[in-house]
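Asks: First to last, the protein sequences are chains A and B.
The first sequence maps to residues 1 to 341 in this note's numbering.
The second sequence maps to residues 1 to 348 in this note's numbering.
Treat the hints with care, as some may be off.
With a Cα cut of at most 35 angstroms, we get these calculated DSBU-like pairs of lysine-lysine [to be verified]:
#1 Lys126/A to Lys69/B
#2 Lys69/A to Lys194/A
#3 Lys155/A to Lys220/B
#4 Lys152/A to Lys163/B
#5 Lys120/B to Lys69/A
#6 Lys155/A to Lys272/B
#7 Lys272/B to Lys69/A
#8 Lys220/B to Lys337/B
#9 Lys274/B to Lys153/A
#10 Lys274/A to Lys99/A
#11 Lys272/B to Lys274/A
#12 Lys120/B to Lys99/A
#13 Lys162/B to Lys153/A
#14 Lys103/A to Lys297/A
#15 Lys272/B to Lys152/A
#16 Lys120/B to Lys103/A
#17 Lys274/A to Lys274/B
#18 Lys274/A to Lys153/A
#19 Lys162/B to Lys272/B
#20 Lys103/A to Lys5/A
#21 Lys163/B to Lys155/A
Source of the hints: derived by calculation from the structure; they are not laboratory data.
Since the structure is predicted, the reported quantities are computational estimates derived from the model, not experimental observations.
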Amino acid sequence: MASPKVAVVGAGVVGLSTALCITETCPSCSVTVLSDQFSPNTTSDVAAGMLIPHTYPDTPIHRQKQWFKETFTYLFAISNSAEASEAGIHLVSGWQVFKSTPKEELPFWSDIVLGFRPMSEAELQKFPQHQFGQAFTTLKCDCPPYLLWLEKKLKATGTQMYTRKVSDLWDLHSEYDIVVNCTGMGAHQLVGDKQLFPVRGQVLKAHAPWVKQFIRDGDGLTYIYPGIHSVTLGGTREKGNWSLSPDAGTTREIFDRCCSLEPSLQGAQDIEVKVGLRPSRQCVRVQREVLSQGRVKFPVVHNYGHGAGGFSVHRGTANEAAHLVGECISALHGSSSRAKL
Amino acid sequence: MRVAIIGAGVIGLSSALCIHEQFHGLVPSLELEVYADRFTPHTTSDGAAGLWQPYLSDHGNLQETLWNKETFDYLLSHLHSPAAKEMGLFLISGYNLFTEPVPDPSWKNIVLGFRNLTPKELGLFPGYSYGWFNTALMLEGRSYLPWLTNRLMQRGVKFFHKKVESFQEVSGDGVDVVLNCSGMCAGDLQPDPELQPGRGQVIKVLAPWLKHFIITHDLKSGIYNSPYVIPGSEFTVLGGIYQHGNWSEENSAKDHKSIWDSCCRLLPALQKAKIVGEWSGLRPARPSVRLERESIRLGNLQAEVIHNYGHGGFGITIHWGCAMAAARLFGSILQEKKQLATPPGPRL
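Just chain B, same shape as in the assembly (with noise of 0.2 angstroms):
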């Protein structure tokens, strides 16, 4: 049984060691393939800063919740293990800001230690009056895409460095399943309206005495449209862009000027910071994950989809719950496909 997975980001590559971890056991035969045209580290994953957290509000959506929840108790089982530092994965401490009162988040009990700043917290961020305190985990995508990858070449899983146009190109050729975790380029194999790319910048700096991340917020800008400033291992990540619709990857010196100056209101000693990079990506931004099966027909010849793109702002954060939903889909498709070849009516 051939497997495709198209894209090599967190979503493709956690989803291929889900399903292959799950099921290899089970059919023998099964031999995954990884098809990107962009590797770690030059993907979207490979630019996000890493930190565990889901956006404000779930709208509604407790799936997400649930599968942003599992993707946490995950790592932090990982927390104590040797694998822990080469996956880029440690715990961290921060705040999250407000000009006004919030209602608690849904993840405010999935995360550690989450409580309401005092007054002396609040009094390190005029301009805000409100605020969360929890600790949260990191996930850095440059250590994590590259363990990851190590796990499946040593399950003998196989990478084809190419831009996919089309499911028949990876599905004709007697593949029976593809992956579609193909993140912001979805639209192209198969239009999707309502994938958008939400457009981020982030200025990364040498700025070793933060230990915290810091997240504000400005609830008429929505999500990412305020300073963000996130502590990583080797460097921090200065942030505040999210930009509906807006395709371009170039660095744009405006956007540079307003996380500059508003992460350095923020906190006045990042002035002294040197800046080492600057990178733009686009989320892949939809209003609800498209995680479900499809089945294409190509021909005479039906192919399996599992789609798993649309991860917006919050890839890492859900990642394995996510890869987790797709191994079950996988699981259901396989059992499909066994009933097929079972003879039917009782043996006697």
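Okay, chain A solo, but in the shape it has when bound (with noise of 0.2 angstroms):
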């Protein structure tokens, strides 16, 4: 096979960069990204997509920590480069405050991140309702930028993108040789993946810039995190619920929360409210699978179910899904060479 035809399905930041890794690891596939939704469209907008890790519950955490750490590795160079602006990955320093010392003082990405140390107790003051804090230098990819970067880098390499709804991955068979499988929380319906669900995350976007630092709850459910042109103030996190509607009362309370933890909030203009349903599940599924219907074999990769954690996971699942491609790859010309005989 000369020229592997392989289609991503997905254009957010999982779609994108499992995208742009097959072309870095197999310069002569031939890749197409298919999606209904392009950015600024897609749940990855939506995320403020600060590299801070979510724990997935049956991910080995070695595995975690090798993904978190090839993310940040990746980005942090991108970061220290003529193309970080274009990008919209920067550095951001801030704190995550703790009502009560968690259990976990260490978490398994501390010594990834930069100058993680405990607070000390004058920045704690600032503080009054919490006991412990950790004090920590990390990166946010902001969107639509990271996105659009991406679109270019892929653009460059003469991959093709495509406005398109996959509705059954067959349909891609006749096209493609090795389809891969990056469409989040649409692999609830694609594959009928019942493993998957919703976690609903409402924010909102302001203007802020005097907000340089970030902050955020230990119990996930308050953040404030400054971007580029806006500061993302979070959040909710509702399992099993799918609406992408913005609720009014919502959008009271996490105003509220934040400005509990940074007054200045007070003062911050055009407030919009976004919704995203992160595509959660208790692992992410980097797999290979072979559909088959008769004779006829269909190479699938997955790449999806990475939930809250998906800026701070994606260049490492998509490496490992570019492997995975390759491994396709060779088993498609083990099985042409065969086929000669």
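Two chains, two frames, some hints: make the complex.
Replies: Here you go:
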């Protein structure tokens, strides 16, 4: 097979970064991205894009750590280059505060982010309701810029991108040799994965350019993440809630919670409300599968179910998915050689 | 009692506010008047980025370190107040970079979370092998000075736009105390060879992805002669010029190139930043701040002058500690005047 044709379904951060990794590891591949939505209308566009990992209960910690490390290293290099502002990648420092000291004071990622240390007494005084805290510096991927930058890099490799709703992976088997499923929440319908469930997140994006530090409550519900042009104020984690409509009461409540952590937010302007469904799963599904109908085989690589941790591990899982695509190609070569005998 | 304040930069306005807050209740006749040839946004304080950070070494000047601490603590206590945004006050973290190890600064325990940089962090800044990280405060003059002005106007303080040529000019006419907060122009009122300009130039750019201040140090060239990048609420300040004895307030093309090239080398992403302005100003530099009383005799009149000038490149950093000290000097003047008004001897 001279030029394997690979279709990547999904154009969020996972789909685009996976497509990019495939072009890097398999330059002879012809990669096409298919998605019903592109930036600024993907789930990724709602997310703040902070590199603070979410812990997946059923993925081994060493694997999650590897994914995060690869992602952090990749983005760190971009943040330090001339492309940083175009790619929307920047360093941000701040605090994660806890109302009561957590069982695990050192998360698995503490040696990957920069300058991780417990907060001092003087710093904690700013948070009278919180007993304990961690200070560190991490990276933020602002969307749309990051997704647009990925799209630009893909176009430069000759990757085509089409707006297309894929309702059945088999629909693609005549045009493509391998399909990569990066459909996020869409996998629930597309491949019938009942282990995938939405965790609804509502956020506010506000103009408050004096906010230079992030603040996150360790319970994950309240957070303030300063981006390039707006500050993301969050949020909610509503398991099983499929609604994409903003809720006014929730907006007020998020705003109040954030103002109690950072009172100057009272002066924030131009508040926009956004909703995204975190495509959640007990473990991220990065896995090969071979679909078959009769004697026709269609290799699939799944890369979905990143839930609240998409940005934190996207490049690591993209690398792994690209590697699996490589395995699919080898398998196809193997079977086509057998067919020649 | 009439008090004339000469100068409407951060020092003049904060000293005026501090004195009014402390004494207007005790001295019902207290009248404050601010005289200046320049008001916000045309003062030296308006051009400064507004980062709270003293120089690396206090040269054993413990008094100044205490005034710096007083200022930081005062500002920190206002961080959560509704006024913070209007004051232009917010937290910011960042990096101080060196090419060799240096002793910890006098302010390491004043700022929040002071620590050395890790090797990974230093990897961000090729050419620098040592450094600090800490969280400090920004107090933007463009917001703080109008805020101070509003507070003063609410209190009935009067403002006069005029260039004061001598202490006599304001002190005749029934003014009892003169506060000399004239910064770079103090030499016009009373010669002071120790006061010299420390000329600075800055380029203002739009770089909203930058969330940290970065201050590099070249121990051989001296303070502020090495690139620095300070993100504000509306734009980012690029600087790295300190020219002792240079009185020019004109922007220099040579200095522009030096700032631009060195800052872009430090942060390659700045090449994409849009330039929105440029400014030059004179830091009123002095071996130490002049904060003291002086009695000036003018014919048969005597006026008390409180000098409060010579804050170099750390005016915003030290302003409140100095304002409080000036207020204490004012208090002692009041006490002396009261004593003179009280009849001598015990009351029978």
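Asks: List in ascending order the numbers of the hints, as given earlier, that are violated by the structure.
Replies: 3, 4, 8, 13, 14, 19, 20, 21
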